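Chemist: Quick note, the sequences are listed as chains A and B, same order. Once you know that position 172 of the first sequence is 171 in numbering that gives the first Met the number 0, the rest is easy, because the numbers rise by one and skip nothing. Once you know that position 49 of the second sequence is 48 in numbering that gives the first Met the number 0, the rest is easy, because the numbers rise by one and skip nothing.
Some hints could be false.
[Claimed, not checked] Computed from the model, here is a short list of chain B residues facing chain A with C-beta under 8 Å:
1) 58
2) 66
3) 67
4) 71
5) 74
6) 84
7) 87
8) 90
9) 128
10) 132
11) 135
12) 149
13) 151
14) 184
15) 223
16) 228
In case anyone wonders, no lab produced these hints; they're calculated from the structure. No experiment lies behind these values; they were computed from the predicted model shown. Using N, Cα and C, we set each Cβ at its ideal position, and we do this for glycine too.
Number of protein chains: 2
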Amino acid sequence: MSLSNIKAIAFDADDTLWVNETFFRKAEEEFCELVSDYLPKEEANALLFEVEMQNLKLYGYGIKPFTLSLIEAAIKVSKGSMDIALIEKLIDKGKQMLHEPVELLEGIEETLEYLSKKYRLVMATKGDLLDQERKLIKSGLEKYFHHIEIVSDKTEKQYHKLIKHLDIKEDEFLMVGNSLKSDVLPVLNIGAHAFHIPFHTTWVHETITKEISHPNFRSFTKAIELLHVL
Amino acid sequence: MSLSNIKAIAFDADDTLWVNETFFRKAEEEFCELVSDYLPKEEANALLFEVEMQNLKLYGYGIKPFTLSLIEAAIKVSKGSMDIALIEKLIDKGKQMLHEPVELLEGIEETLEYLSKKYRLVMATKGDLLDQERKLIKSGLEKYFHHIEIVSDKTEKQYHKLIKHLDIKEDEFLMVGNSLKSDVLPVLNIGAHAFHIPFHTTWVHETITKEISHPNFRSFTKAIELLHVL
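Model the full assembly from the supplied sequences, consistent with the hints where possible.
Modeler: The following block contains the structure:
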């Protein structure tokens, strides 16, 4: 693997730059608590996940789709007998999630500050445009990024477009992120480089269990370790 | 006004390329019908608009924010006594809107086909990334656009970014759209060109009553008329 070719580095946002999945896990737990009169926790959680997966293609990723799925799941759980006050609580829960403060992961700011002097940095994330822009502004990290790219899904096709847009070759592109499924595999498949920094919590939908061994791949435990090789 | 400078033309999408507002008006009417036991039509509509405006900054534009506001408004209208089956109907309504076929406005395809040979065309829209991408693919218009730009809101700052991104000067940029507020005024304010093609229905939030007289501005009734001057 020759890292000397790298011209641009794209960072995933949620759970790579800042905490995100933790808020969804917390919301799921609160949901299970709220519907506990109807269904045991495990079953309620499974039903919510099922509703989310059914809606994913239509709604996409983010807090608004999640809120709509929470409401739909609550109605299903209760077989239509749910108290309307609970629906109101779920709407408020979604709004509260959109208001959460941004909590940077350890060492992110120093890492970006250093790398932004040597490389063109972009933030590449899927999900909700408005919400991701808001988090980027709250984070104070905007100044380190050349621009941000928000895609509807992280597929090989979308990575090809991003690399073309950056006007570089595949071998000159490095993606850094916490999801093997979204940030690593499609990137390696098109001949670019990918670094994995796992977050302690991963959404079931993003989970991949297989071991990756690839000349363009490396795994780290913290962002600051990137500076040993870049 | 010298149109000979123009290098890139950005087209708004909803109600400029295809029908959109009509679906929202229809959904609003259905909402008023569903809650008619609680509130007369005019008042229900006003309450829905109020909820939408309160949520706009947090939720942004699009069908998912609209669906969440429908649910919130229904709960408010009924003072919490709404039947849960109605909430289910509102969720289904939102999904149905996301599934609507794309209906092109008159003469759009011929206009884009002709202009794409002379200028760099981009689609510039606010709202939901996934939904706008899906409509673009359904529309069959993707091939005429160099790329698409989806912004969280159409402000002078966002137009500056778009023009910088296109690597052209303000005077070389033309925006075409149906909203004076979003597609015309901020564009004229930064020294670029703007063409207005009104759609028969305009959302109250986008309505501007003032007459515009500006050297960089023209108004048309149909897209095909653009070919008389470009």
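Chemist: Per the CB criterion, is residue 228/B less than 8 Å away from chain A?
Modeler: violated, 31 Å
Chemist: Tell me if the interface restraint on residue 90/B is satisfied: Cβ within less than 8 Å of some Cβ in chain A.
Modeler: holds, 6 Å
Chemist: Is the interface hint satisfied for residue 135/B? The criterion is a beta-carbon contact with chain A at less than 8 Å.
Modeler: violated, 11 Å
Chemist: Regarding the hint that residue 149/B lies at the interface with chain A, is the smallest CB-CB distance below 8 Å?
Modeler: holds, 6 Å
Chemist: With 8 Å as the cut and Cβ atoms as the points, is residue 58/B at the interface with chain A?
Modeler: holds, 6 Å
Chemist: Should the hint that residue 87/B touches chain A count as held when the rule is a Cβ pair under 8 Å?
Modeler: At about 5 Å, which falls below the 8 Å cut-off, the nearest Cβ of chain A leaves the hint on residue 87/B intact, so it holds.
Chemist: Answer holds if the nearest beta-carbon of chain A is closer than 8 Å to that of residue 151/B; otherwise answer violated.
Modeler: holds, 4 Å
Chemist: For the hint on residue 184/B, does the least C-beta distance to chain A fall short of 8 Å?
Modeler: violated, 21 Å
Chemist: Is the shortest C-beta separation between residue 71/B and chain A less than 8 Å?
Modeler: holds, 6 Å
Chemist: Let's test the interface hint: is any C-beta of chain A closer than 8 Å to that of residue 128/B?
Modeler: holds, 5 Å
Chemist: Would the hint on residue 84/B stand, with a C-beta cut-off of 8 Å toward chain A?
Modeler: holds, 6 Å
Chemist: Could you check if residue 223/B really has its C-beta closer than 8 Å to a C-beta on chain A?
Modeler: Interface hint status for residue 223/B: violated (31 Å vs cutoff 8 Å).
In the structure shown, a violation is registered for the earlier hints numbered 11, 14, 15 and 16, in ascending order.
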